[in-house]
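Participant: Chain by chain, the residues run as shown.
Protein chains: 2
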Amino acid sequence: MSPIELNKRQDTILQIVKENGPITGEQIAERLNLTRATLRPDLAILTMAGFLDARPRVGYFYSGKKTMTTASESMMNLKVGDFQSLPVVVAENMTVYDAIVQLFLEDVGTLFVVDEKSHLQGVLSRKDLLRTSIGTQELTKIPVHIIMSRMPNIVYCKKSDSLIGAAKKLIDRQVDSLPVVNETENGLEIVGRLTKTSVTKAFISLAETHDL
Amino acid sequence: MSPIELNKRQDTILQIVKENGPITGEQIAERLNLTRATLRPDLAILTMAGFLDARPRVGYFYSGKKTMTTASESMMNLKVGDFQSLPVVVAENMTVYDAIVQLFLEDVGTLFVVDEKSHLQGVLSRKDLLRTSIGTQELTKIPVHIIMSRMPNIVYCKKSDSLIGAAKKLIDRQVDSLPVVNETENGLEIVGRLTKTSVTKAFISLAETHDL
Chain A
1 MSPIELNKRQ DTILQIVKEN GPITGEQIAE RLNLTRATLR PDLAILTMAG FLDARPRVGY
61 FYSGKKTMTT ASESMMNLKV GDFQSLPVVV AENMTVYDAI VQLFLEDVGT LFVVDEKSHL
121 QGVLSRKDLL RTSIGTQELT KIPVHIIMSR MPNIVYCKKS DSLIGAAKKL IDRQVDSLPV
181 VNETENGLEI VGRLTKTSVT KAFISLAETH DL
Chain B
1 MSPIELNKRQ DTILQIVKEN GPITGEQIAE RLNLTRATLR PDLAILTMAG FLDARPRVGY
61 FYSGKKTMTT ASESMMNLKV GDFQSLPVVV AENMTVYDAI VQLFLEDVGT LFVVDEKSHL
121 QGVLSRKDLL RTSIGTQELT KIPVHIIMSR MPNIVYCKKS DSLIGAAKKL IDRQVDSLPV
181 VNETENGLEI VGRLTKTSVT KAFISLAETH DL
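Chains as they are written, first to last, in the working numbering: chain A, 1 to 212; chain B, 1 to 212.
Hints are supplied without guarantee of correctness; some may be wrong.
Pairs involving identical chains hold if they fit within one copy or between any two copies, as the list cannot separate such chains.
With a cut-off of at most 30 Å between alpha-carbon atoms, the simulated DSSO-like pairs for lysine-lysine come out as follows [to be verified]: (1) Lys117 - Lys169; (2) Lys127 - Lys8; (3) Lys169 - Lys8; (4) Lys79 - Lys141; (5) Lys117 - Lys158; (6) Lys8 - Lys79.
Worth flagging that the hints you see were computed from the coordinates, not collected in a lab.
All values reported here derive from a predicted model rather than from experimental measurement.
In isolation and in its complexed conformation, chain A is listed as follows (with noise of 0.2 Å):
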């Protein structure tokens, strides 16, 4: 990695490029009062460096940076159905002490609650969980519906979305994880998990796909 660092006449090339482009090599030297010649070595610097682009008999163009463009479209472009997990859903009428045996063998840290015809209803998440297993010594008779979290207090996404959106949606609302939903004319459809996992594991790959 080495950061390039242009000198002022490269940066005025550039700016004249951004303002007028296309233009071609003799516009921008009679622009600068100088020779063609002597701004070869500029424009040769500026264009491997990926700041300008050249087509023959058009001139030259701004690239608007194209290796930083690349991954910043990247990571606008990601979308939570690349990166979605399973979801793990359980019954309302399901205990505590069950659900939380099932947290364990499935190995998340969130669960989605559903009615008998697949909706979502509620969530339930470790300290959820928690909270009631200090709270009580009836864990095996309290139904999950009793302490889950309920409408309009979940937040969920769509496959469709952003990642950075649904990123904020996480950090905002300061869950660990949302339902990722299709909208029925009935309810909400589970049919994914985004998690503080899935964006931590996205930004590693993003990393490693641009890696240079």
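Please build the complex by placing chain B on the supplied structure of chain A, with the hints as guidance.
Facilitator: For chain B alone, kept in the frame of chain A given last:
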């Protein structure tokens, strides 16, 4: 001359440094009525993106945006120290019950256990606490050192480690949180906490900085 869009706070910081640089992070924080810790991610990103340069014992100064760094280079250069949060520690002989209460009071997902010399001895995750809470009625009697994870099973990182490296540890070792430590002759001093939340926040701020 840059396709990078900064958020409002980053813009303000840039303005302050332009007008007053070289200026220390402390001094910038003072002007904004914010803590140095709050500013750390913004300063890291502005430096990585090439807007600011930093010199030890001197401070930040405006670089004129002459360096070219890609988003992926920025990503590789992010350090744990810029995104870590405050650690929450408990003593080895604290009861499991009190530890759970502490977890809720501090609103964290992981507690670090220290000996009387404040050196890292163990880690308590929500899952450790939940497992214990359904396995026994004696939560108010069992000390945490009985159930905590111990060396060599504790994964940790240092302030100067790359954020990507730490993120990989979180994923590979399937933990939610890493203690950030100073390695000393006598043991590991805990100086921070790096979580999947930290990584998710970094991901968001990186995407926003490089947003077009």
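Participant: The structure should be examined with respect to each hint, and the outcome stated for every one.
Facilitator: Going through the hints against the structure:
no. : hint            : result
1   : Lys117 - Lys169 : within (27 Å within a copy, 39 Å between copies)
2   : Lys127 - Lys8   : neither (39 Å within a copy, 34 Å between copies)
3   : Lys169 - Lys8   : between (32 Å within a copy, 20 Å between copies)
4   : Lys79 - Lys141  : neither (40 Å within a copy, 48 Å between copies)
5   : Lys117 - Lys158 : within (19 Å within a copy, 49 Å between copies)
6   : Lys8 - Lys79    : both (22 Å within a copy, 26 Å between copies)
Violated hints, listed in ascending order, are 2, 4; each of the other numbered hints is respected by the structure.
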